[in-house]
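Go by the hints and put chain B onto chain A.
2 protein chains.
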Amino acid sequence: MADGLVLSIDGMGGDHAPDTVVAGVDIAARRNPALRFIIHGDASRLSALLAHHHYAKAASEVAHAEKTIGMEVKASQALRQGKGSSLWNAVASVENGQANAIVSAGNTGAFMAISMFRLRTMEGVHRPALAARWPSATGGYVVILDVGANVEADGEQLVEFAIMGEAFQRAVSGKDRPTVALLNVGAEEQKGHEEIRAAAQLIRDAGVDMDFRGFVEGDDIAKGTVDVVVTDGFTGNIALKTGEGTARLVGQLLKEALTSGPLAQLGALIAYPALQKLRTRMDPGTFNGALFLGLNGLVVKSHGGANARGFAAAIGVAERMALSHYRDEIKANLLRLAGASAPKQAAKETG
Amino acid sequence: MADGLVLSIDGMGGDHAPDTVVAGVDIAARRNPALRFIIHGDASRLSALLAHHHYAKAASEVAHAEKTIGMEVKASQALRQGKGSSLWNAVASVENGQANAIVSAGNTGAFMAISMFRLRTMEGVHRPALAARWPSATGGYVVILDVGANVEADGEQLVEFAIMGEAFQRAVSGKDRPTVALLNVGAEEQKGHEEIRAAAQLIRDAGVDMDFRGFVEGDDIAKGTVDVVVTDGFTGNIALKTGEGTARLVGQLLKEALTSGPLAQLGALIAYPALQKLRTRMDPGTFNGALFLGLNGLVVKSHGGANARGFAAAIGVAERMALSHYRDEIKANLLRLAGASAPKQAAKETG
Numbered sequence: 049m050a051d052g053l054v055l056s057i058d059g060m061g062g063d064h065a066p067d068t069v070v071a072g073v074d075i076a077a078r079r080n081p082a083l084r085f086i087i088h089g090d091a092s093r094l095s096a097l098l099a100h101h102h103y104a105k106a107a108s109e110v111a112h113a114e115k116t117i118g119m120e121v122k123a124s125q126a127l128r129q130g131k132g133s134s135l136w137n138a139v140a141s142v143e144n145g146q147a148n149a150i151v152s153a154g155n156t157g158a159f160m161a162i163s164m165f166r167l168r169t170m171e172g173v174h175r176p177a178l179a180a181r182w183p184s185a186t187g188g189y190v191v192i193l194d195v196g197a198n199v200e201a202d203g204e205q206l207v208e209f210a211i212m213g214e215a216f217q218r219a220v221s222g223k224d225r226p227t228v229a230l231l232n233v234g235a236e237e238q239k240g241h242e243e244i245r246a247a248a249q250l251i252r253d254a255g256v257d258m259d260f261r262g263f264v265e266g267d268d269i270a271k272g273t274v275d276v277v278v279t280d281g282f283t284g285n286i287a288l289k290t291g292e293g294t295a296r297l298v299g300q301l302l303k304e305a306l307t308s309g310p311l312a313q314l315g316a317l318i319a320y321p322a323l324q325k326l327r328t329r330m331d332p333g334t335f336n337g338a339l340f341l342g343l344n345g346l347v348v349k350s351h352g353g354a355n356a357r358g359f360a361a362a363i364g365v366a367e368r369m370a371l372s373h374y375r376d377e378i379k380a381n382l383l384r385l386a387g388a389s390a391p392k393q394a395a396k397e398t399g
Numbered sequence: 049m050a051d052g053l054v055l056s057i058d059g060m061g062g063d064h065a066p067d068t069v070v071a072g073v074d075i076a077a078r079r080n081p082a083l084r085f086i087i088h089g090d091a092s093r094l095s096a097l098l099a100h101h102h103y104a105k106a107a108s109e110v111a112h113a114e115k116t117i118g119m120e121v122k123a124s125q126a127l128r129q130g131k132g133s134s135l136w137n138a139v140a141s142v143e144n145g146q147a148n149a150i151v152s153a154g155n156t157g158a159f160m161a162i163s164m165f166r167l168r169t170m171e172g173v174h175r176p177a178l179a180a181r182w183p184s185a186t187g188g189y190v191v192i193l194d195v196g197a198n199v200e201a202d203g204e205q206l207v208e209f210a211i212m213g214e215a216f217q218r219a220v221s222g223k224d225r226p227t228v229a230l231l232n233v234g235a236e237e238q239k240g241h242e243e244i245r246a247a248a249q250l251i252r253d254a255g256v257d258m259d260f261r262g263f264v265e266g267d268d269i270a271k272g273t274v275d276v277v278v279t280d281g282f283t284g285n286i287a288l289k290t291g292e293g294t295a296r297l298v299g300q301l302l303k304e305a306l307t308s309g310p311l312a313q314l315g316a317l318i319a320y321p322a323l324q325k326l327r328t329r330m331d332p333g334t335f336n337g338a339l340f341l342g343l344n345g346l347v348v349k350s351h352g353g354a355n356a357r358g359f360a361a362a363i364g365v366a367e368r369m370a371l372s373h374y375r376d377e378i379k380a381n382l383l384r385l386a387g388a389s390a391p392k393q394a395a396k397e398t399g
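Protein sequences appear in the order of chains A and B. Using our numbering, you'd call the opening residue of the first sequence number 49 and step up by one each time. Using our numbering, you'd call the opening residue of the second sequence number 49 and step up by one each time.
Next up, chain A with everything else stripped away, as it sits in the complex (with noise of 0.2 Å):
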């Protein structure tokens, strides 16, 4: 099914670089032997990585790359002198039609810049969106959107965010209709910045092809209210951030009262099996791989400090995604929005 995937890696980026990338794309390349693989970066390190991983050296190719671009690099730095790193060499290859879509876990300002640049924006879209993935109580995952792209979003863009983030949630939950809302600090229609309220207004006006639910709260999020969460850059990124913060706390905690003494640790040993599927379900690397959604070629964002597994997740999301309509179905629902906010613009041009 996934014949003829090529990926483009960047095999430099993140913080245990080239080991885990190489590491993840040979569980990615066990799991389904039809990809293929272009990695990019320092070549006479990724051969002799790629020895010892039979799988990934199989499905990959190396293309020598002289930069790295270090994880505290600015973006402006970036696009300015990032040219031949394997960062800027991975987004070329999906630029000139190598590859399907690039995966790194590198510097993510530096990324969105780059990918930006050299990608540009989709028709239609004002500003691209970064969208992540998120545990909740159903067993699924909420995708929440934009967690850091742009630092504010008026109403449209909002708009175009959920129109991107549903197609994103179809894509990798094969869930035929996901649900949408925006993240608010109360339920009802009169609360909220005005840009939320537009947003509201104008996804029912312009009759967008999507299950939307109005608004939801922050603990909507891990409850899963719905499948698609959509806010603006500062708040997304905020909120993503405090669960991911929160998170570790429950887990450190837990860990210091199950090791306080011999009974909690003779507790802790017999329910290992059990408390060990906890902490997969918690674990990001389980659901790693964020998009920068709303561009001509599909990016993945892995975590900078994902191992091999949370690589290979993330690949995974390469892989369906582009083995889905996920662009013609933004599109689609792009058009009944320009034809929804195109009267507005008129009226505001002449007003």
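Mixed in with the good hints, there may be bad ones.
Note that the list lumps identical chains together, so a pair holds whenever it fits in one copy or between two copies.
To be verified - Below, a list of computed lysine-lysine pairs in the PhoX-like style, where the Cα atoms sit at most 20 Å apart: (1) Lys131 - Lys115; (2) Lys223 - Lys271; (3) Lys303 - Lys271; (4) Lys122 - Lys239.
These are computed hints drawn from the structure, not numbers from a lab. Just so we're clear, the structure is a prediction, and the values are computed from it rather than from any experiment.
Using the frame of chain A, we list chain B on its own:
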């Protein structure tokens, strides 16, 4: 030490009122027999409950109120029709000097509206803020504000929130110099909204007397990187609720894991005391009691669903605040701020 402290209690506010309210007063009165309470509400129901709560009965006087404001009533409606209700009368007890503070688990919007209407904002405060506490990895509690009194805040208002939150943290934790930061999407100076950058600049320019640490991110809340996290009411509300939702999700998954089979159950039984400690730490009842800061009166909001122990915790917050010098500290810092922002304001008006 608490000699002469009188607390005005909304006997009818909250999901389980008046039962949990009276039971909470009982816990607080047993802990500190010097406290006095005026409990507002249905006199016959309250008296019947007090008959079974010895400590509460000895310390309380019941003030009959004809009405109760329901949890679903809108703030505007509560303002128009709330006169004579237990909530309204409880606020009035503070306004007319009968009590040092009010504690209510009732309708948040109505509580804020009535408090603001009756008590008015402190001189130098543009908008009051709702401040909550959240457990952190340091073992203490982070103060976060605003968590929902206002949807927006400009730079100067954020500085006012910082001043009020710092004084709150000092009063409840006893920390002499709590550290303070603004919630942002990155630690770098140039990140985030204009309002946040303006606030950081103003705190430095005004020589506000606090240990200001610049910007923190969402995951720093649970890490406890600083003692006070300052943000606008929209972002703060969503961050707090996302954190609460995540903590609840992990708790639920843990419970599911530990009841998933006989071995897991045995392990949980053996580790029970340790797990109980974790539960207490993350139980919202332990750190219950949000403060509505910036009014001419001490206003404490308990979670609507808090149990008796949680309500007693909220009373504890009122107690510590009433015995502190938080108002004088806030006033002194507001004077510094007024000195620094006055010239800017003048420049804006002439410019």
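Violations among the numbered hints, reported as their numbers in ascending order: Result: no hint breaks.
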